[in-house]
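Asker: Below are the chains, spelled out letter by letter.
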Amino acid sequence: MNWIEFAWAMMAAASLTLGLIHLLVWFKERSRYAHLAFFVLASAVAAFSAFELSVMRASSPVAYATAVRWAHVPLAVVVLSIIGFVHFYFDAGRLWLAYAAAGFRLLALVLNFLTGANLNFLEVTALGQSTLWGGAVAAFPIGIPNPWQVVAQIGNLLLVAFVVDASITLWRRGEPVARRRAALVGGSLVLCIVVVGSLAAMIVTGTVKAPTILTPGFLVVVLAMGYELSWDVIVAAQLAAKLQMSEVSLRASEEKFRAVVESVPSAILLVDGNGKVVLSNAQAHVLFGHTGDELIGLMVDELVPARLRSSHESYRKSYALDARARAMASTREVYALNRSGTEAPVEVALRPIWTAGAMYVLVSLVDLTERRQMERSAVHQRDQIAHLSRVAMLAELSGSLAHELNQPLTASLSNAQTAQYHLAQHPTQPEKVSKLLAEIVKNNRRAGAVIQRLRSLLKKEEAQHHALNVNDVIRDALRLLHSDLLSRQVTMDLDLAEALPQVDGDRVQLQQVLLNLVINAREAMDDRKENRRIVVCSRLTERGGVEISVADDGDGVPPQDLERIFEAFVTTKSHGMGLGLAICQSIAEAHGGRLVATNNAGGGATFRFELPVRTAPESNA
Amino acid sequence: MLDSAQTVHVVDDDPDVRTAIEFLLEARGLKVTTYESAAQFLKSYDPAAPGCIVLDLALPEMSGIELQRALEARCSVLPIIFLTGRGDIATSVHAMKHGAADFLTKPVEDGALVAAVFQALVRNNELRAMRAERDRITERMARLTAREREVLELIAAGRLNKQIAADLGTVENTVKFHRANLMRKLDVNTFADLVKMVERAADFKKPAP
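Protein chains in written order, with our numbering: chain A, 818 to 1438; chain B, 115 to 323.
Since the hints were made in silico from the structure, they are not lab data. Some hints here could point you the wrong way.
Below, in silico cross-link-like pairs of lysine-lysine (BS3-like), each with a Cα-Cα straight-line distance of 25 Å or less [stated by the list, open to error]:
1. B:LYS211 - A:LYS1252
2. B:LYS310 - B:LYS299
3. A:LYS1249 - B:LYS299
4. B:LYS157 - B:LYS145
5. B:LYS290 - B:LYS276
6. B:LYS290 - A:LYS1346
7. A:LYS1026 - A:LYS845
8. B:LYS310 - B:LYS276
9. A:LYS1259 - A:LYS1249
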């Protein structure tokens, strides 16, 4: 075995090995046709090297011609696989060029078997022996060239044109990898085809008396291609490693995100642009009574009560058009629907999250049930304290209140007895009695009204807001104080503005505030000998509210106490708990107002509070 | 016994009570005038008019007690029946001490009020008669000269004409002359009548009952 045999065997083996590696790659990833094409090319080169060796070792012209004829088969495969490789690997090149080059090569292969001794020779007349470097001997042909081989030459030119075109296209894409690929693969291919083609042509025409040594050229191409393909594989592996690492960190950050979501005290839902839940935390499961799996994929509209569903859907859609972080419950009542059918009032905050071009909305919900209950119980307590304070206040006024009842009773008794007297004295004149009866009826009604007022003040009821005429409330309350003020020689002046708008409030509680303020005013003047005077005033304020004020002529409030007197258990009186004004303040605040004390320029103090005017009359108030 | 010119003045700020009392008293044939405040009453007050007052204790501006004080200062002879819904003992004692005719509480029985009113009207008559007599005596006394008054005092002291002449350093005839004159001026005929009148005049100098 001389070195040529050894070298050609080695080249075939190397080519085949490289090809097999990429066959394996193609098996793992079937869409990588470039690798398949490379495998076919490498195998064809290996096969061609075997035929080339037999060509070099041909002992007779006939054997030579036959070997060449059969060597054209792997050669055609080499050409076709080059076309395929360039097409798939470069993803460039004009297709008609590719088809034309392939067509000419296949035509040449057909002619190879139909004309002459082979495509190159009509007849090989003799064989020359050339001695190569190292003493090896190879055969070279002497014969008549086959004119049909021009078909193969045209095919080669088309092939070069296709490769050059594809390389240029690839080069123009500008990326460094693409440019290197175009230069290395495209360059080596063009070089190889030109060298191999012209060498073959020169040997056939007898210009060069040498054996056809094409395999090393092909091997260069195979190596260049293999290098490029391997580079791709390496890059892919690196990418895979990077991907794995980023997956690990992604998983870590996702775990962090989950931990954060789970540790938030409020219920969290992540909702996609279509309103479907994609993520939820344990608090959300408790709130909605669904497991996490049930929540995923559920339309978020399903999680509000049926009566609010359509409005929720339209709200959600309009939100998607103008998504920004905002609170939902500030403008509207929102309820969460539990799977059991119960509803919970919730406060909802929305925050859009943009990931990979898709919008998600992070919905955090705070269950307000407990807060609402606490608010309700606070209101209930305030009402109860207000009631107790009312009862205590009326107990203090009992003497005067008895007098208020006593007046109509006195009148009634007197009228009734006069009627009796009339009937006894003048039984024939009953007409005088009817006037007396009318008086009796009037006075009974008057006594009934006093009792009604007292009963409403003593009744233990939760506050109920209605449309009220402030002046009616004032007059009604002050009637109860009439005799109390009279017995203390206090003059009461009413300065009530006409045609005031209605306010929204609880009649009993507002009367309580008024009674309390007037009693305080009266007590503030107990030390005065004369000119005891209280002015109760109602008016429309500049802000459009209705203000009620009670002014007295007493000593006023020490300036440092003007704020403190509204605190609970703060009192300037020798008796009393110091709760009256605190309760009045809480009532005023529950009515959207605030009780304020000021000292008058001319002496005495004025207490005033403003009530907002009733806005839209509710149909189901 | 009652004077038909006597008027019952009802002062009460409560219109219903006022009307009821008006009806009650009118049914008994009494003349009634009503007032809603002490000031209104004082404005039309006639010291000479006969009658009585049914007065509410708790009145705006000027209270019942204040009105009583004001009428006392004007030597009114109108007896006052206080009618109150919430009279305390201190107030009632004060009122009675200052000559209130009665102190009734609301609601009042018609019999009690009517009886009190009739009593008050009788008392008004008595007071007015006393006032008339006092005015008559006072007016006659005013006719006497200073000398005649001296003589009258000595006569009332029980001294004889002779003794009086000695006391005054004059003669008995002069005393007799003065005596005849003052008997005529005072419109008395007997010595007993003269003494009685002097005693009454002395009574009037004390504070009025």
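Asker: Between LYS1259 of chain A and LYS1249 of chain A, is the straight-line Cα distance small enough, at 25 Å or below?
Answerer: It holds: about 16 Å lies between the C-alpha atoms, which stays within 25 Å.
Asker: For a C-alpha distance cap of 25 Å, please report whether LYS290 of chain B and LYS1346 of chain A respect it.
Answerer: Distance of about 63 Å is beyond 25 Å: violated.
Asker: Regarding the pair LYS1026 of chain A and LYS845 of chain A, is the alpha-carbon distance no greater than 25 Å?
Answerer: violated (47 Å)
Asker: Regarding the pair LYS211 of chain B and LYS1252 of chain A, is the alpha-carbon distance no greater than 25 Å?
Answerer: The given pair, whose Cα atoms are some 39 Å apart, is violated under the 25 Å limit.
Asker: Given the hinted pair LYS290 of chain B and LYS276 of chain B, is their Cα-Cα distance within 25 Å?
Answerer: Roughly 9 Å separates the two Cα atoms, so the pair holds.
Asker: CA of LYS157 of chain B to CA of LYS145 of chain B, is that 25 Å or under?
Answerer: Holds, at roughly 19 Å.
Asker: Mind checking the alpha carbons of LYS1249 of chain A and LYS299 of chain B for me, to see if they're no more than 25 Å apart?
Answerer: Not OK: LYS1249 of chain A and LYS299 of chain B at ~57 Å, beyond 25 Å, violated.
Asker: Would the hint linking LYS310 of chain B and LYS299 of chain B be met if the CA-CA limit is 25 Å?
Answerer: Holds: LYS310 of chain B and LYS299 of chain B sit about 15 Å apart, inside 25 Å.
Asker: Next pair to validate is LYS310 of chain B with LYS276 of chain B; report whether the Cα-Cα distance is within 25 Å.
Answerer: Between LYS310 of chain B and LYS276 of chain B the Cα gap is close to 22 Å, so the pair holds against 25 Å.
The structure does not agree with the numbered hints 1, 3, 6, 7 stated previously, though it agrees with the rest.
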